[in-house]
Amino acid sequence: MSQLNCELLDLRALLAVAEGKSFLRAAEQLNLSQPALSRRVQKLEAMVGTPLLERTTRSVRLTPAGQEIVPLLRRLLEEVDHSLLGMMALGERRAGRLTVASIPSATVRFLPDVLEQFGQEYRNVRVRVLDLSATECAEAVRTGEAEFAITLPVLSDADLSFEPLTDDPYGLVCRRDDPLADMPAPGWADLAGMRRVTVHMGSGNRTALDAGLARAGIELRWFYEVTRLTSALALVQAGLGPSVLPRLACEGPEARDLVWRPLAGAEVVRTIGVLRRASATLSPTATRLMALLAAAWGR
Numbered sequence: 129m130s131q132l133n134c135e136l137l138d139l140r141a142l143l144a145v146a147e148g149k150s151f152l153r154a155a156e157q158l159n160l161s162q163p164a165l166s167r168r169v170q171k172l173e174a175m176v177g178t179p180l181l182e183r184t185t186r187s188v189r190l191t192p193a194g195q196e197i198v199p200l201l202r203r204l205l206e207e208v209d210h211s212l213l214g215m216m217a218l219g220e221r222r223a224g225r226l227t228v229a230s231i232p233s234a235t236v237r238f239l240p241d242v243l244e245q246f247g248q249e250y251r252n253v254r255v256r257v258l259d260l261s262a263t264e265c266a267e268a269v270r271t272g273e274a275e276f277a278i279t280l281p282v283l284s285d286a287d288l289s290f291e292p293l294t295d296d297p298y299g300l301v302c303r304r305d306d307p308l309a310d311m312p313a314p315g316w317a318d319l320a321g322m323r324r325v326t327v328h329m330g331s332g333n334r335t336a337l338d339a340g341l342a343r344a345g346i347e348l349r350w351f352y353e354v355t356r357l358t359s360a361l362a363l364v365q366a367g368l369g370p371s372v373l374p375r376l377a378c379e380g381p382e383a384r385d386l387v388w389r390p391l392a393g394a395e396v397v398r399t400i401g402v403l404r405r406a407s408a409t410l411s412p413t414a415t416r417l418m419a420l421l422a423a424a425w426g427r
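Using our numbering, read the sequence shown as starting at 129 and increasing by one per residue.
If you are wondering where the hints come from, they were derived from the structure by calculation, not from laboratory data.
Cβ coordinates follow ideal geometry from the N, Cα and C atoms, glycine included.
Watch out, some of these pointers could steer you wrong.
As the list claims (entries may be wrong) - DEER-style ranges, computed between Cβ atoms:
id	residue 1	residue 2	range
1	T178	L136	16 to 24 Å
2	R334	E273	22 to 30 Å
3	A286	E147	38 to 46 Å
4	R356	D310	22 to 30 Å
5	R270	Q195	50 to 58 Å
Please model the entire structure based on the sequences and the hints provided.
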């Protein structure tokens with residue numbers, strides 16, 4: 129018995145011509161030139177030993193032999209495509225690694241539940257989470273160290289794309305024994321004259337806060353300035369003064385002995401979302417994790 133000596137594209141070429149009844153449409157569908165498409169059909173006909181298509185100046189139709197072989201080819205290609213897709217999906221679940229970056233407050237609040245659900249679907253895909261500041265998250269995405277980041281927006285960077293997920297309001301953070309904690313509705317004016325704690329001006333959180341305060345016409349002065357939110361919480365816990373921090377930052381274990389209260393008079397928020405490279409195509413695992421994150425935020 130002689131062996132079949134053809135490529136899958138030869139079979140797809142014949143099927144495309146038969147279904148579209150046109151060499152032009154088939155060539156466009158397969159992204160081939162018409163001469164290249166004709167050579168593939170002719171190669172298949174030579175292998176079979178009989179014409180499979182009848183060509184006229186106005187139409188293309190199957191010969192009797194073509195009418196017999198096309199249904200077989202259709203089933204064969206459907207089976208091949210189905211098997212390949214199944215193997216690809218199995219491979220994605222069988223092994224691999226995904227690296228994402230995240231600001232710590234988002235890591236604590238949302239990632240554990242989302243990663244648990246993701247792990248049920250992709251049991252053997254290892255996930256590496258980089259706990260970074262907003263500035264560091266942007267750099268990790270920009271350099272390709274992380275496929276995407278859960279972080280704050282960046283300003284004027286055409287290489288990066290930001291998709292909002294949720295707004296996280298800023299509010300008062302103080303000790304439970306601070307008089308501010310007992311006030312029924314503390315406002316921004318109640319912070320006047322106090323030695324407040326803040327994060328430094330180079331951080332994404334400080335940038336978002338200052339922009340929100342400027343829009344609301346609120347001016348605050350700070351006494352202690354630190355690099356990270358966790359350090360600000362530590363200083364508040366030590367009794368050095370209250371702070372104005374995002375609500376999510378106060379839902380982790382570092383703030384379990386502190387009180388977070390909304391501030392009356394104006395709402396100031398930071399936007400958390402997914403930051404990715406604008407020109408890059410995400411892997412299927414990264415795409416699925418992003419979808420789970422969006423669902424966790426209720427959008």
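Taking the hints in turn, this is what the structure says about them:
1. At roughly 21 Å, the beta-carbon separation of T178 and L136 lies within the given 16 to 24 Å, and the hint holds.
2. For R334 and E273, the hinted distance range of 22 to 30 Å is satisfied, since their beta carbons lie about 24 Å from each other.
3. Range check, A286 to E147: about 42 Å between beta-carbon atoms, so the 38 to 46 Å window is met.
4. One distance hint, 22 to 30 Å for the beta-carbon pair R356 and D310, holds here, with the actual separation near 29 Å.
5. In this structure the hint that R270 and Q195 lie 50 to 58 Å apart at CB holds, the actual value being about 56 Å.
In the structure shown, no violation is registered for any of the earlier numbered hints.
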